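Q: So the chains spell out like this:
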Amino acid sequence: MKISQERAPIYEAMMELQSKRIVPFDVPGHKRGRGNPALTEFLGEKCMRFDLNAMKPLDNICHPTTVIREAEILAAEAFGANNAFFMVNGTTSAVQAMIMSVCKKGDKIILPRNVHRSAINALIICGAVPVYVNPHTNHDIGIALGMSLEGVREAIENFPEAKAVFVNNPTYYGICSNLKAITELAHSRGMKVLVDEAHGTHFYFGENMPVSAMAAGADMAAVSMHKSGGSLTQSSFLLSGKNVNPNYLRQIINITQTTSGSYLLLSSLDISRRNLALGGKEIFASVCNLAEYARDEVNQIGDYNAYSKELINGDTVFDFDITKLSINTLDIGLAGIEVYDILRDEYDIQTEFGDIGNILAYISIGDRISDIERLVGALSEIRRLYKKDKSGMLDYEYISPRVVLTPQDAFYSEKESVPLESSQGRICTEFIMSYPPGIPILAPGEEITEEIIEYINYAKGKGCLMTGPEDMEIKRVNVL
Amino acid sequence: MEFWYTENHTDNVKFSIRVDKQLYSSRSEFQRIDVFESAEFGRFLTLDGFMMLTEKDEFIYHEMITHVPMAVHPEVKNVLIIGAGDGGVLRELAKYDTIERMDLVEIDKNVIEVCREFLPQTACGFDDKRVNVYLQDGLKFVRRCERVYDLVIVDSTDPFGPGEGLFTKEFYGNCFKALKDDGIMVNQHESAFYKNDAIAMQRAHKRIVESFSLSRVYQVHIPTYPSGHWLFGFSSKMYHPVRDLRTDEWNALGIKTRYYNTNLHKGAFYLPNYIEELLTNVEPAI
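From first to last, the protein sequence lines stand for chains U and E.
Just remember that my numbering sits 307 ahead of the position in the first sequence, which is counted from 1.
Just remember that my numbering sits 255 ahead of the position in the second sequence, which is counted from 1.
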């Protein structure tokens, strides 16, 4: 029998279990919080009471047959997928499961270089070989865009043996590639299409949104429910289409996912799915209104560029996600990361990230118009107080990587640590990226160039949080 | 039957007024609005349960937030008032013939409607022809103003709820921008007595001194506010609140007041040591 989207099977099972007042002789050892009063005081008694582990009435995330299975069926239906998997190790694990389910050691995968680190990490684990498609750059705003259809076609023709094409839908900044055409092209050559929808949950529920992976016919999608969907941090969905064997995919997920799936996370996914299935249309209409209002107001301040659908060019910007409030700051004479820091330190406003030329204010389900006014008011003040000549500002340039070794071979090879300054011409064996957004500047197996060293030093100087290398201070780098 | 209004001044301190009857109650888009009738304080208005004004003691608040800057600045023509949906600030300002324009920005139109119906003692201020009412967010309104006002009066609620944005650095900075080169800003500045109020007071001062180089705090006695000891902020681009007080000129106007006078004006700026200390702690070192 078909279950209604008004149900939330995991949540309901947890409530029922609670009403039975079962005596716990199982984990977690805090036993409904009693064993850890300080934590219970901090998180609240109710939260601790529902921090449960797999048991018969609550099903088992590694082998779901009852309430988790029902919740998966409901989620699959809500997202228009054939199957949905509850993920509690972050969207990172969903991205990795997608890749590991189609690539073995030595298999090729076509992907844009501006992927999240989790995708390249998957290549380190499984030994697949990346074929990068150059994401074009918009020089006015200094961001990498989507993949052009031609670029994907070229990669497919040069590497017909590739197993899959990997697509960001959208990028962190809200840029969408022509997912439907890329999917049709890849499928016509027998390749699977894997989609990173970490920033695209709302595509499945809102109206007038860019096409979602499942609607475009893609094979798998990793969806960060905890970003625009409202569930708890680290919870996520992996969706799959009709040509994916769900039981094999689950085996892959179980290689790395915890066997102690948190029921706080699982129930948050279940309740959030219900919320979006029932009210998502209205929720995202209101998010769009807030974002559009904020964008108009920011653009009226002057010098800021809060860009939107005018970027659409039918190819590398096939569509734009208007819920993303990305703002270019270079005409103020400040790097995005500098505006990001001023907003937090001087105005008590935390934005999602700042990079060399942009900040991103994440607008969501939980925002209030009064907070939007604060953001706009603060940006207006920053312009009044800090505006300076913009000469000397580095604008982002896509640095086409020279891939010498696969990520896996590079990461596990004999390496030595050298100062960053004298690493030019060497092959890097680790990641260097600013986080967020977490898109690698260097990935394992790539040659270090003068341009890259200059970029890293500039980003560090502006206050970007650089991560990746073994050396926490990013003064030395591991090379072959 | 006993019918009492109670506000928790802290988790451990309550303030109560015996109520005769409740005249009004509703929830607007922004907050809960109530009007009560009492024997001791007359009618009083509460927002989200917090005391805003009573007919008995509102004169203290409204006289002190208006006449102090008016007695310092020699020529106020354009005034911006943020909040103040009860009309009390307008009533006091209307006593000055030299004022040409009073722009009042209130986010909640229900507050104005309710005050007009139940609190004519203050809402009569809206009847003055020089008043223009804008129903919108104060921060948004002031963002678009540059060097247009001689005086900005921030008559906000507490920094929790709809008034939150009016205690921020971006708001005070935008007020600075909205003022002419000899302009003055006066703001409701919370209290320094109970801990949480003191934190809000200190925070507001910190945010103000980041925009205004001259910023002083003055005190006033308001029986129905937590601790009864309340503060206003006086921030200015040019005039000093005491040294530039125009005693004779103001007295010559013959404005009738029940609380304010020019001696009290000076005295209000002499603060208890514990308050001076709270303020100095957040001021930049000279």
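In case anyone wonders, no lab produced these hints; they're calculated from the structure.
Where hints are given, some of them may not hold.
[Claimed, not checked] Once the Cα atoms are required to be at most 20 angstroms apart in a straight line, the calculated EDC-like pairs of lysine to aspartate or glutamate come out as:
(1) E:K492 - E:E401
(2) E:K461 - U:D648
(3) U:K769 - U:E645
(4) E:K435 - E:E465
(5) U:K415 - U:E758
(6) U:K769 - U:D652
(7) E:K461 - U:D655
(8) E:K276 - E:E310
(9) U:K309 - U:E377
(10) E:K332 - E:D499
(11) U:K694 - E:E465
(12) U:K415 - U:D333
(13) E:K276 - E:E257
(14) E:K432 - U:E653
(15) U:K694 - E:E401
(16) E:K432 - U:D610
(17) U:K769 - U:E757
(18) E:K461 - U:E761
(19) E:K450 - E:E310
(20) E:K450 - E:E257
(21) E:K384 - E:E401
(22) U:K694 - U:D447
(23) U:K782 - U:E758
(24) E:K461 - U:E758
The structure presented is a predicted model; accordingly, all values stated were derived computationally and were not measured.
Q: Hint by hint, say whether it matches the structure.
A: Okay, the hints, checked on the actual structure:
At roughly 14 angstroms between alpha-carbon atoms, E:K492 and E:E401 fall within 20 angstroms of each other, so this suggested pair holds. A hinted pair counts as satisfied when its Cα atoms are at most 20 angstroms apart, and E:K461 with U:D648 qualifies at roughly 19 angstroms. A hinted pair counts as satisfied when its Cα atoms are at most 20 angstroms apart, and U:K769 with U:E645 qualifies at roughly 7 angstroms. A C-alpha spacing of about 18 angstroms is found between E:K435 and E:E465, which places the hinted pair at or below 20 angstroms, so the restraint holds.
At most 20 angstroms may separate the alpha-carbon atoms for a hinted pair to count; U:K415 and U:E758 exceed this at roughly 27 angstroms. Between U:K769 and U:D652, the direct Cα distance comes to roughly 15 angstroms. Compliance with the 20 angstroms bound is thereby established for this hinted pair. For a cut-off of 20 angstroms, the pair hint linking E:K461 to U:D655 stands: about 13 angstroms separates their Cα positions. For a cut-off of 20 angstroms, the pair hint linking E:K276 to E:E310 stands: about 15 angstroms separates their Cα positions.
With a C-alpha separation of about 10 angstroms, the suggested pair U:K309 and U:E377 falls inside the 20 angstroms cut-off, and the hint holds. Between E:K332 and E:D499, the direct Cα distance comes to roughly 18 angstroms. Compliance with the 20 angstroms bound is thereby established for this hinted pair. Between U:K694 and E:E465 the CA atoms are separated by roughly 17 angstroms; this keeps the pair inside 20 angstroms, and the hint holds. Of the supplied pair hints, the one linking U:K415 and U:D333 is violated, its CA atoms being roughly 45 angstroms apart against a limit of 20 angstroms.
Straight-line distance between C-alpha atoms of E:K276 and E:E257 comes to about 11 angstroms, which keeps the hinted pair within the 20 angstroms bound. For the given pair, E:K432 sits about 17 angstroms from U:E653 by alpha-carbon distance, which is consistent with the 20 angstroms threshold. For the hint linking U:K694 to E:E401, the alpha-carbon distance of about 17 angstroms falls within 20 angstroms, and the restraint holds. Among the hinted pairs, E:K432 with U:D610 is consistent with the structure: their alpha-carbon atoms are about 18 angstroms apart, no more than 20 angstroms.
Between the alpha carbons of U:K769 and U:E757 the distance comes to roughly 19 angstroms, so the proposed pair stays at or under 20 angstroms and holds. Of the pairs offered as hints, the one joining E:K461 and U:E761 is violated, with about 39 angstroms between alpha carbons and a cut-off of 20 angstroms exceeded. Distance check on the hinted pair: E:K450 and E:E310 sit about 28 angstroms apart at the alpha-carbon level, beyond 20 angstroms; violated. Distance check on the hinted pair: E:K450 and E:E257 sit about 31 angstroms apart at the alpha-carbon level, beyond 20 angstroms; violated.
At most 20 angstroms may separate the alpha-carbon atoms for a hinted pair to count; E:K384 and E:E401 exceed this at roughly 24 angstroms. Taking the CA atoms of U:K694 and U:D447, the gap is about 18 angstroms. The hint holds against a cut of 20 angstroms. This hinted pair checks out: U:K782 and U:E758 have alpha carbons roughly 16 angstroms apart, not beyond 20 angstroms. For a cut-off of 20 angstroms, the pair hint linking E:K461 to U:E758 is broken: about 43 angstroms separates their Cα positions.
In this structure, the hints that do not hold are numbers 5, 12, 18, 19, 20, 21 and 24, in rising order.
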